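Chains as they are written, first to last, in the numbering used here: chain A, 253 to 618; chain B, 285 to 546.
Everything labelled a hint here was simulated from the structure, so no lab data went into it. You may find that some hints are simply not true.
Stated by the list, open to error - To give an idea of the interface, some chain A residues facing chain B are shown, with a C-beta separation under 7 Å as derived from the structure:
(1) 305
(2) 306
(3) 322
(4) 325
(5) 339
(6) 341
(7) 344
(8) 365
(9) 376
(10) 420
(11) 423
(12) 448
(13) 477
(14) 500
(15) 575
(16) 578
In this text, all values refer to a predicted model and were calculated from it rather than measured experimentally. The beta-carbon is built from N, C-alpha and C at its ideal position, and this holds for glycine as well.
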Amino acid sequence: MLFRSNGSQLDLVFSVVERVPGSWQFQPGDRFFIADFNNDGKDEVVVYNSTDWAIEYLGLLADDGNNGLKLIARYDDAMRGWQFQLNDQFYVADFDGDGKKDLFVFNGTNWAIPYVAMLRSSGTGFGVVQRYDGNMPGWQMRPGDRHMVGDFSGDGRELWVFNGSNWSIPYLGMLRSNGTSLAMSRRYDNKMPRWQMRAGDRHYVGDFDGDGKADLYVFNGSDWSIAYLGMLRSLGNGLCLVERYDGNAPGWQMRRNDRHWPADINGDGRRDLFVYNYQDWATQYLGTMVSDGSGLSASWQDDWIGEWNLGAVDRFEVCNYEGSVGERDIFVHNQDWFGMIRATPALSLQRIYYRWIHNYRYGRNW
Amino acid sequence: MATKTRRKTPSRMRRQLDGVSPVIENARLPRMGEGDPTPRRIGRAMLFMPDKPKQHKATRNRMAPFRSLKNQGEKQVPARGYPDQQPPKPPGRARSASGASGKAKEGYVRLRVLVEDGMLSVAGAKFVEGPLAETNALRPGLAYEVRLGSRSIAAGGVADGGAWRSFPDPLGRPGLQGHHITEVPYYEIAVRIPVQKLPMSALSKAQITLYRWRGTGPAVTLPGQPLKAQLKGGMDTIATLKGIRMSRLSKETQMELRKALR
Chain A
253 MLFRSNGSQL DLVFSVVERV PGSWQFQPGD RFFIADFNND GKDEVVVYNS TDWAIEYLGL
313 LADDGNNGLK LIARYDDAMR GWQFQLNDQF YVADFDGDGK KDLFVFNGTN WAIPYVAMLR
373 SSGTGFGVVQ RYDGNMPGWQ MRPGDRHMVG DFSGDGRELW VFNGSNWSIP YLGMLRSNGT
433 SLAMSRRYDN KMPRWQMRAG DRHYVGDFDG DGKADLYVFN GSDWSIAYLG MLRSLGNGLC
493 LVERYDGNAP GWQMRRNDRH WPADINGDGR RDLFVYNYQD WATQYLGTMV SDGSGLSASW
553 QDDWIGEWNL GAVDRFEVCN YEGSVGERDI FVHNQDWFGM IRATPALSLQ RIYYRWIHNY
613 RYGRNW
Chain B
285 MATKTRRKTP SRMRRQLDGV SPVIENARLP RMGEGDPTPR RIGRAMLFMP DKPKQHKATR
345 NRMAPFRSLK NQGEKQVPAR GYPDQQPPKP PGRARSASGA SGKAKEGYVR LRVLVEDGML
405 SVAGAKFVEG PLAETNALRP GLAYEVRLGS RSIAAGGVAD GGAWRSFPDP LGRPGLQGHH
465 ITEVPYYEIA VRIPVQKLPM SALSKAQITL YRWRGTGPAV TLPGQPLKAQ LKGGMDTIAT
525 LKGIRMSRLS KETQMELRKA LR
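Here chain A stands alone, though its shape is the one from the complex (with noise of 0.2 Å):
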């Protein structure tokens, strides 16, 4: 189903049972990956599934010109150049600068040795125009690489990639894409500026200073005394340390079970983060961290959003539902409920939906 925002509530639009005309039959397993892969200003759809088939499938659906999707590819099994196996992670980048989002594509376990493959969108399809054996580089990869994608020189090709787990220091690249292949543009070992690495951090990419490029939140909450939340501004070919909140930020304990989004909750071009806890205190935390470039302010509501109870079961997704600059709103769902939360001027929640989506004339929508 398909649910278009008017700015304040969802309408249906699209509705298939089954299958997408082409056909994509649709089970349990599906992933998603939604971004723009053929550059005309509306979202396309790439779906993934490695468990519910004999073979491994991966489709691209595009609008069919009547507020609905079809399916305009499909790959079974294989696609020249790479073998589709259960594991397969895909990350969405612009990797050669043409305006039409890419796909980089890693496989850490299935195979002998790790696999990462560039795969370029022609807009109808994708193909394979480079693949990394074992290594890329300046890095040996390792089933426990995690990747990372965001614009670190400001040209809009780059890979992040951060292993902690594998070795007996973490590392963390920093890839520079040509459009056809991979080169090392920096690379720290154990340490980045004034931040000592360590196998929990969680890395957050965007641009906080709003300067066209990249930078990186990292965050730890687990391998220390207290929590570490870390600005790491990009110089194009590295980082430096902007700030470093040990413990506190402001207007926000930090906790280990603290989680992230990076989201533009302002409008202002900059990154800011959501952030949430529903397991470290006495009631549940959901907050607003904003970037002013060097620094972070938060505000936070705890246990109830409007009518929405906060709970262990919700899950969010940062959204522009509003239609305004930025990425200030955020949905908030779980096995029955679907909240519609703004973060501007302050978290509220705008809707709330029970079990369907649908909204009454008169009355509540619950």
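Here the structure of chain A is known, so what remains is to put chain B in place on it, guided by the hints.
Same frame as chain A, now just chain B:
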């Protein structure tokens, strides 16, 4: 949403406050910058990433070589559209050995798995008729688990695996009293999997793991749930076999496995 129950909170849990000291999560851990970071051992070795990694020499279980193409070509949709996606093949044992009945036959496959140098390999297979009597109580020692993806499809204990045990001399001669246990460098274990849960098409995705559980048993386990999530106490992974690939098996074992899963 309004009827959602408020959770009971332990008394030690607090609320966020402004202007207070950082919360100490673990007082035994240092703060960042305190002391020199010590590289940790991976197994017994110190592993550091080389600046210029060398090519891997492994030849088995590799993807077909990649050949760069200047023009990848446009993806053409087949004239008649894409066919339906292929459902997983149902378990192959659709009729009894006599062929008299069309009803699926119940049974399990018993895999002979060789453990040597921290590696597992399939050395033989046999179909056994009748339901697999799964023992849910595990005792400390060796235990195996077979998984398909995140799903555990079989698990069981291995009594006295990897050890030779001598019995005391009935005459009580000196030097022969008591049990003597000798660790052996290689040994076989029997891995039992219901055939309904292991179709031939899923062999390459089956993962067999041998653990050594150091807890205090016996412990009752739930079928379908990963062992690691259920057993309390230390669990060491002795060896893992990721995917049973026919091409790696001897001709004889291939035939046995095909026959068992037919």
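Each hint tested on the structure:
| no. | hint | verdict |
| --- | --- | --- |
| 1 | 305 | holds (5 Å) |
| 2 | 306 | holds (4 Å) |
| 3 | 322 | violated (10 Å) |
| 4 | 325 | holds (4 Å) |
| 5 | 339 | violated (9 Å) |
| 6 | 341 | violated (14 Å) |
| 7 | 344 | violated (18 Å) |
| 8 | 365 | holds (5 Å) |
| 9 | 376 | holds (6 Å) |
| 10 | 420 | holds (4 Å) |
| 11 | 423 | holds (6 Å) |
| 12 | 448 | holds (5 Å) |
| 13 | 477 | holds (4 Å) |
| 14 | 500 | holds (5 Å) |
| 15 | 575 | violated (26 Å) |
| 16 | 578 | violated (25 Å) |
In summary, the structure is inconsistent with hints 3, 5, 6, 7, 15 and 16 from the numbered list given earlier, while agreeing with the others.
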